[in-house]
Amino acid sequence: MGFLQSLRVALSCLAANKLRSVLTMLGVIIGVASVITMVAFVEGIRNQVVKEFEEMGSRLVVIFFSPEERKRGEGRTHIEYLTTDDAAAIRRECPLVTEVSPELPMDNTEFEVRGEEFKGKLIGCQPEFARLHNVKLEEGRFFSQEDYDSWNKVCVVGATVRKELWPNESPVGQTLRAQGVNFIVIGVAKRKGRAMGEDPDKDVYTPLTTTQKRITGDKRVWVMWAQTADVRDTERAADQVWAVLMRRHNNQPDFTVDSQSRILQAVGRILAMFGIVLGGVGGLSLLVGGIGIMNIMLVSVTERTREIGLRKAVGAKRRHIMFQFLTEAMTLSGIGGILGVILGAGLSWLVNTGTKGDMPTKVPIWAALLGFFFACGVGVFFGLYPAWRAARMDPIEALRHD
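Read in order, the letters of the sequence shown correspond to residues 270 to 671 in the numbering used here.
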């Protein structure tokens with residue numbers, strides 16, 4: 270009996286017990302769908318992160334204030350914060366750095382327009398921020414160097430801020446109140462969507478000098494971005510920045526200096542581990558489905574004992590019987606695998622569509638193929654014992670079976 274004939278027999282046997290076959294496939298369907306959905310989430314997040322980093326470029330070094338919780342010792346000082354003077358020193362003393370952009374983010378800022386309030390993030394930054402972070406404008410303009418030098422009370426709002434506070438009109442030229450200061454809106458940023466737990470559409474950008482002079486009253490910054498001329502210089506540039514800041518702050522490492530490439534590699538490792546854990550959960554579901562397949566195939570062997578005896582009596586060999594039952598087990602798991610891939614891809618699409626891209630998902634071709642072939646492999650593995658048991662039956666005893 271060839272493969273196609275064995276497949277036809279397997280399908281007819283499954284069709285003869287439709288409910289039992291469907292219930293048996295449920296474990297495989299759920300297992301494969303779980304794996305596909307989890308891979309889709311991980312790949313979606315990975316692609317979003319890579320896209321965000323690629324948009325900003327791979328020549329960036331990030332420096333951010335991260336004070337350590339430690340006891341102050343005699344003769345040791347503690348950094349209060351990074352400052353624009355640090356940015357100037359980096360620009361002056363690091364030959365590999367071509368540009369430095371200090372930033373002062375202020376989370377949970379209350380924005381108010383004509384009595385309507387919205388909570389987001391106020392970011393004091395330099396005019397170069399738009400280019401370094403790929404901020405594209407839907408309307409108006411980004412603030413200029415003149416606005417920066419004159420401490421002008423101007424701002425650019427994110428897409429969500431515009432939607433919440435000016436749903437039916439243009440915000441350009443309108444007044445936005447934040448931290449006790451009235452800002453004039455001069456631009457609206459295009460929607461970017463969530464990335465790495467942040468939502469830039471809820472941000473409001475103002476000149477760093479305006480934020481420092483009119484709100485905080487000092488030169489503090491929390492984040493600085495340094496850019497190099499060549500991507501191959503980012504690691505050495507990070508070392509230069511580290512050396513300058515350590516020298517300026519009495520060797521107190523209350524800051525982190527890292528390159529985008531290293532951050533992206535670290536994120537990739539974290540997502541890979543996350544994917545392995547989630548894949549293991551889906552694998553357990555497939556294991557349960559495989560046990561169900563073994564159980565149903567053992568029942569099928571018992572029910573078809575006389576058929577096995579008759580086939581052996583007319584010349585079927587052990588390998589023919591074993592091949593037939595392995596084909597049935599693989600067909601059962603294979604159909605379950607196909608349905609599981611369709612279900613997992615459908616759930617991923619619904620999540621991506623329902624969240625409007627805020628929770629991105631992507632089902633790679635390799636994941637769909639892996640899910641299907643792994644399901645077939647589970648069927649073969651758990652169908653081996655029932656097939657072996659059927660192949661070892663004595664034809665005379667089998668024909669006597671009631």
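Be aware that a few hints might be false.
Unchecked claim - Straight-line Cα separation of at most 30 Å, DSS-like style, residue types lysine-lysine; simulated pairs:
| no. | residue 1 | residue 2 |
| --- | --- | --- |
| 1 | K405 | K488 |
| 2 | K432 | K405 |
| 3 | K388 | K432 |
As the list claims (entries may be wrong) - Label-pair ranges, simulated between beta-carbon atoms:
| no. | residue 1 | residue 2 | range |
| --- | --- | --- | --- |
| 4 | T525 | R289 | 55 to 65 Å |
| 5 | W635 | L556 | 16 to 26 Å |
| 6 | E415 | R361 | 36 to 46 Å |
| 7 | E415 | P633 | 28 to 38 Å |
| 8 | Q414 | V450 | 31 to 41 Å |
| 9 | R361 | Q534 | 44 to 54 Å |
| 10 | G449 | N403 | 29 to 39 Å |
| 11 | R587 | T622 | 27 to 37 Å |
| 12 | W420 | D376 | 36 to 46 Å |
| 13 | A498 | E408 | 32 to 42 Å |
| 14 | L540 | S335 | 55 to 65 Å |
| 15 | R538 | S439 | 20 to 30 Å |
No lab work stands behind these hints: they were computed from the structure.
All figures in this text were calculated on a predicted structure; none of them were measured in a lab.
Glycine included, every Cβ here is placed at the ideal spot set by N, Cα and C.
Results for each hint:
The straight-line distance between the Cα atoms of K405 and K488 is roughly 28 Å, inside the 30 Å bound, and the hint therefore holds. Under the criterion of a C-alpha separation no larger than 30 Å, the hint pairing K432 with K405 is consistent with the structure, at around 17 Å. The suggested pairing of K388 with K432 holds, with an alpha-carbon distance near 13 Å, which does not exceed 30 Å. Roughly 59 Å separates the CB atoms of T525 and R289, a value that falls within the hinted 55 to 65 Å.
At about 22 Å, the CB distance of W635 to L556 agrees with the hint of 16 to 26 Å. For the pair E415 and R361, the supplied restraint of 36 to 46 Å is violated, since their beta-carbon distance comes to about 23 Å. The hint said 28 to 38 Å for the Cβ distance between E415 and P633, and at roughly 48 Å that hint is violated. Distance hint for Q414 and V450: a CB-CB separation of about 20 Å, inconsistent with the stated range 31 to 41 Å.
Between R361 and Q534 the beta carbons are some 30 Å apart, a value that contradicts the proposed interval 44 to 54 Å. Under the hint 29 to 39 Å, the C-beta atoms of G449 and N403, about 31 Å apart, fit the expected range. At roughly 52 Å, the beta-carbon separation of R587 and T622 lies outside the given 27 to 37 Å, and the hint is violated. For the pair W420 and D376, the beta carbons lie near 22 Å from each other, so the given range of 36 to 46 Å is not met.
As the Cβ distance of A498 to E408 is approximately 33 Å, the hint placing it in 32 to 42 Å holds. For the pair L540 and S335, the beta carbons lie near 22 Å from each other, so the given range of 55 to 65 Å is not met. Taken as a hint, the range 20 to 30 Å is violated for the pair R538 and S439, whose Cβ atoms sit roughly 45 Å apart.
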